[in-house]
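There are 2 protein chains.
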Amino acid sequence: MMLEDKVTGFIEDLSSSRPVPGGGGASAAVGAFAAALGMMVANLTIGKKRYADVEEEVKERLKRLETLRDELIMLTDKDAEAFEPLSKAYGLPKETEEEKVRKDKIMEEALYEASLVPLKIMETLLKAADDLKFLGEKGSRIAVSDIGVGILFAQAALEGASLNVFINTKLMKNRERAEELNQKADVLIREGQALKAEIYGDVLEKIR
Amino acid sequence: MMLEDKVTGFIEDLSSSRPVPGGGGASAAVGAFAAALGMMVANLTIGKKRYADVEEEVKERLKRLETLRDELIMLTDKDAEAFEPLSKAYGLPKETEEEKVRKDKIMEEALYEASLVPLKIMETLLKAADDLKFLGEKGSRIAVSDIGVGILFAQAALEGASLNVFINTKLMKNRERAEELNQKADVLIREGQALKAEIYGDVLEKIR
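Chains as they are written, first to last, in my numbering: chain D, 1 to 208; chain W, 1001 to 1208.
Pulled out of the complex, with its shape left as it was, chain D reads as follows (with noise of 0.2 Å):
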């Protein structure tokens, strides 16, 4: 089987105009690649002589990526699963008084769980890049550009599902509430970046 025929599924998804996947979806889909590329290095280092020193961690962090990447790939359908009660929201009637404030209340609700899956998502990359940074110092060099695509993917993806949680607390009333959820998200941002230039600095570093 072509590589190609494995991802083709998911991209002719992607492309169309159905609200699912999009941005959200795509960016979990991403992440679990970043995790998958840790995981490839992970196991070009195990059971190699000269990296014996750091074998039982990183074998941990084997582990550990393998469950940050199935978490991923399971975000991807959970965003998937969150749009639907904000896509019913959003077709409420809202004639009568008493059904704009059903309307809102529901709406305010569904956008708040539309928020959390990107949250999720973001906490979960940052997790990825943690494990990412310890293979790129002490994982096999011969793989140390894989841990830069990693990175680079990782942070692509915490930041893409970023943009999921903004446009949905934009539309949020509770501003006190939307503001918590921005500056959760603004401070995973900003550690993500902090993360990324350390690793990819390092990464370059090594490879030119």
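Read the hints as simulated data drawn from the structure, not as lab findings. All residues carry an ideal CB built from backbone N, CA and C; glycine is no exception. Some hints could be false.
Unchecked claim - In silico lysine to any residue, SDA-like type, Cα no more than 25 Å apart, as pairs:
#1 W:Lys1088 x D:Thr67
#2 W:Lys1138 x D:Pro19
#3 W:Lys1059 x D:Glu12
#4 W:Lys1120 x W:Ile1106
#5 W:Lys1206 x D:Glu137
#6 D:Lys48 x W:Ser1017
#7 D:Lys63 x W:Glu1071
#8 D:Lys59 x D:Leu171
#9 D:Lys49 x W:Leu1092
#10 W:Lys1133 x W:Glu1071
#11 W:Lys1120 x D:Arg208
#12 D:Lys63 x W:Thr1008
#13 W:Lys1063 x D:Ala89
#14 W:Lys1138 x D:Lys49
#15 W:Lys1138 x W:Glu1060
#16 W:Lys1170 x D:Leu92
#17 D:Lys133 x D:Thr67
#18 D:Lys127 x W:Glu1123
#19 W:Lys1206 x D:Arg50
#20 W:Lys1049 x D:Leu92
#21 D:Lys59 x W:Asp1013
#22 D:Lys63 x W:Ile1106
#23 D:Lys173 x W:Leu1204
#24 D:Lys127 x W:Asp1104
#25 D:Lys184 x W:Gly1201
#26 W:Lys1048 x D:Arg208
#27 D:Lys105 x D:Leu119
#28 D:Lys206 x W:Val1020
#29 D:Lys206 x W:Lys1138
#30 D:Lys206 x W:Gln1193
#31 D:Lys78 x W:Glu1071
#32 W:Lys1138 x D:Lys105
#33 W:Lys1173 x W:Tyr1090
#34 D:Lys206 x W:Ser1016
#35 D:Lys78 x W:Glu1180
#36 D:Lys173 x W:Glu1205
#37 D:Lys206 x W:Asp1186
What the hints assert, rightly or not - Here chain D is said to cover these stretches of chain W; the calculated rule only asks that three of the stretch's residues, wherever they fall, bring their Cβ under 8 Å from a Cβ of chain D:
#38 1040-1049
#39 1098-1108
#40 1146-1156
Chain D is fixed; fit chain W onto it per the hints.
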């Protein structure tokens, strides 16, 4: 079929210690995600009254992005194919002087060829970024976050592919030819960064 099933095969392959797919092929795949997100925004724009005056150009951009997307999917496999002769070259004997000369020559050519695929990935992504720019400016506003995610992916994939230029050129003996490839990659990185900063800044302004 759950969305996750559609990406899992590729991600499983990526996680393993097998040399392909690695960072190069994954960059092409993430690049295809970027083009697909642009197509999604184009598809959400076409047929809407509000965007009737740009419909013809949006349709052209959609067609262009489809071609670029399919090229990137194809390049996922091309990257794997280019690795094969390189892998074989590494395994050649170098006992006698004659064998050494022959191995060096074959290695040099395989390294050169293996650099061309990621360069092609980078060029293709820069074209896709231009389409994302247009769609971010003129396309449906309800999907502007997807343009943001798309350009994050495009630039991460472009820089990810560049690492696979650099790891190959680093080993080339013909430094002049190696530097030529590196300079091409550097120009593409800078052009991509400038486009990304512009497009992403514009998206953030609309979203936040």
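Here is how each hint holds up against the structure:
1. Taken as a hint, the W:Lys1088 and D:Thr67 pair is broken in the structure, with Cα atoms around 34 Å apart against an allowance of 25 Å.
2. Proximity of W:Lys1138 to D:Pro19 is assessed by CA-CA distance (about 19 Å); at most 25 Å being required, the pair is judged to hold.
3. At most 25 Å may separate the alpha-carbon atoms for a hinted pair to count; W:Lys1059 and D:Glu12 meet this at roughly 17 Å.
4. A distance of roughly 22 Å separates the Cα atoms of W:Lys1120 and W:Ile1106; the hinted pair therefore holds under the 25 Å criterion.
5. Restraint check for W:Lys1206 and D:Glu137: not satisfied, since their Cα atoms lie roughly 39 Å apart, outside the 25 Å limit.
6. Taking the CA atoms of D:Lys48 and W:Ser1017, the gap is near 12 Å; set against the 25 Å cutoff, the hint holds.
7. Distance check on the hinted pair: D:Lys63 and W:Glu1071 sit about 34 Å apart at the alpha-carbon level, beyond 25 Å; violated.
8. A threshold of 25 Å between alpha carbons decides the hint, and for D:Lys59 with D:Leu171 the separation of about 44 Å lies outside it, so the pair is violated.
9. With a C-alpha separation of about 23 Å, the suggested pairing of D:Lys49 with W:Leu1092 holds against the 25 Å cut-off.
10. Distance hint between W:Lys1133 and W:Glu1071 is fulfilled; the C-alpha atoms sit about 20 Å from each other, no more than 25 Å.
11. A hinted pair counts as satisfied when its Cα atoms are at most 25 Å apart, and W:Lys1120 with D:Arg208 qualifies at roughly 20 Å.
12. Using a Cα cut-off of 25 Å, the hinted pair D:Lys63 and W:Thr1008 holds, with the two alpha carbons roughly 17 Å apart.
13. Distance restraint check for W:Lys1063 and D:Ala89: the Cα-Cα separation of roughly 34 Å exceeds the 25 Å cut-off, and the hinted pair is therefore not satisfied.
14. Taken as a hint, the W:Lys1138 and D:Lys49 pair is broken in the structure, with Cα atoms around 56 Å apart against an allowance of 25 Å.
15. Of the pairs offered as hints, the one joining W:Lys1138 and W:Glu1060 holds, with about 13 Å between alpha carbons and a cut-off of 25 Å not exceeded.
16. Between W:Lys1170 and D:Leu92 the CA atoms are separated by roughly 60 Å; this puts the pair beyond 25 Å, and the hint is violated.
17. For the proposed pair D:Lys133 and D:Thr67, the alpha carbon gap of about 17 Å is at most 25 Å, so the pair holds.
18. With a CA separation close to 32 Å, the supplied pair D:Lys127 and W:Glu1123 exceeds the 25 Å bound.
19. In summary, the hint linking W:Lys1206 to D:Arg50 is not supported, as the alpha carbons are separated by about 51 Å, beyond the 25 Å threshold.
20. Taking the CA atoms of W:Lys1049 and D:Leu92, the gap is about 23 Å. The hint holds against a cut of 25 Å.
21. Taken as a hint, the D:Lys59 and W:Asp1013 pair is honoured in the structure, with Cα atoms around 18 Å apart against an allowance of 25 Å.
22. Straight-line distance between C-alpha atoms of D:Lys63 and W:Ile1106 comes to about 39 Å, which puts the hinted pair past the 25 Å bound.
23. With a C-alpha separation of about 20 Å, the suggested pair D:Lys173 and W:Leu1204 falls inside the 25 Å cut-off, and the hint holds.
24. Between the alpha carbons of D:Lys127 and W:Asp1104 the distance comes to roughly 42 Å, so the proposed pair goes past 25 Å and is violated.
25. Restraint check: the Cα-Cα separation between D:Lys184 and W:Gly1201 comes to about 20 Å, which is no more than 25 Å; the hinted pair holds.
26. A distance of roughly 49 Å separates the Cα atoms of W:Lys1048 and D:Arg208; the hinted pair therefore is violated under the 25 Å criterion.
27. Simply put, D:Lys105 and D:Leu119 have alpha-carbon atoms about 22 Å apart, close enough for the 25 Å limit, and the pair holds.
28. For the hint pairing D:Lys206 with W:Val1020, the CA-to-CA distance comes to about 21 Å; that is within 25 Å, so the pair holds.
29. With a CA separation close to 42 Å, the supplied pair D:Lys206 and W:Lys1138 exceeds the 25 Å bound.
30. For the proposed pair D:Lys206 and W:Gln1193, the alpha carbon gap of about 22 Å is at most 25 Å, so the pair holds.
31. In summary, the hint linking D:Lys78 to W:Glu1071 is not supported, as the alpha carbons are separated by about 30 Å, beyond the 25 Å threshold.
32. Annotation: proposed proximity of W:Lys1138 to D:Lys105 is violated, straight-line Cα distance about 33 Å (limit 25 Å).
33. A distance of roughly 15 Å separates the Cα atoms of W:Lys1173 and W:Tyr1090; the hinted pair therefore holds under the 25 Å criterion.
34. Under the criterion of a C-alpha separation no larger than 25 Å, the hint pairing D:Lys206 with W:Ser1016 is consistent with the structure, at around 23 Å.
35. About 46 Å separates the Cα atoms of D:Lys78 and W:Glu1180, which puts this hinted pair outside 25 Å; it is violated.
36. A distance of roughly 20 Å separates the Cα atoms of D:Lys173 and W:Glu1205; the hinted pair therefore holds under the 25 Å criterion.
37. Note on D:Lys206 and W:Asp1186: the hinted pairing holds, with a Cα-Cα distance of about 17 Å set against a maximum of 25 Å.
38. Restraint check on the segment 1040-1049 of chain W versus chain D: 3 residues with Cβ-Cβ distances below 8 Å, three needed, restraint holds.
39. Only residues whose C-beta sits within less than 8 Å of a C-beta in chain D count toward coverage, and the segment 1098-1108 of chain W has 0 of them, not enough to reach three; the restraint is violated.
40. Beta-carbon proximity to chain D at under 8 Å applies to 8 residues in the segment 1146-1156 of chain W; the threshold of 3 is reached and the given coverage holds.
The structure fails to meet hints 1, 5, 7, 8, 13, 14, 16, 18, 19, 22, 24, 26, 29, 31, 32, 35 and 39 from the earlier list, while all remaining hints are met.
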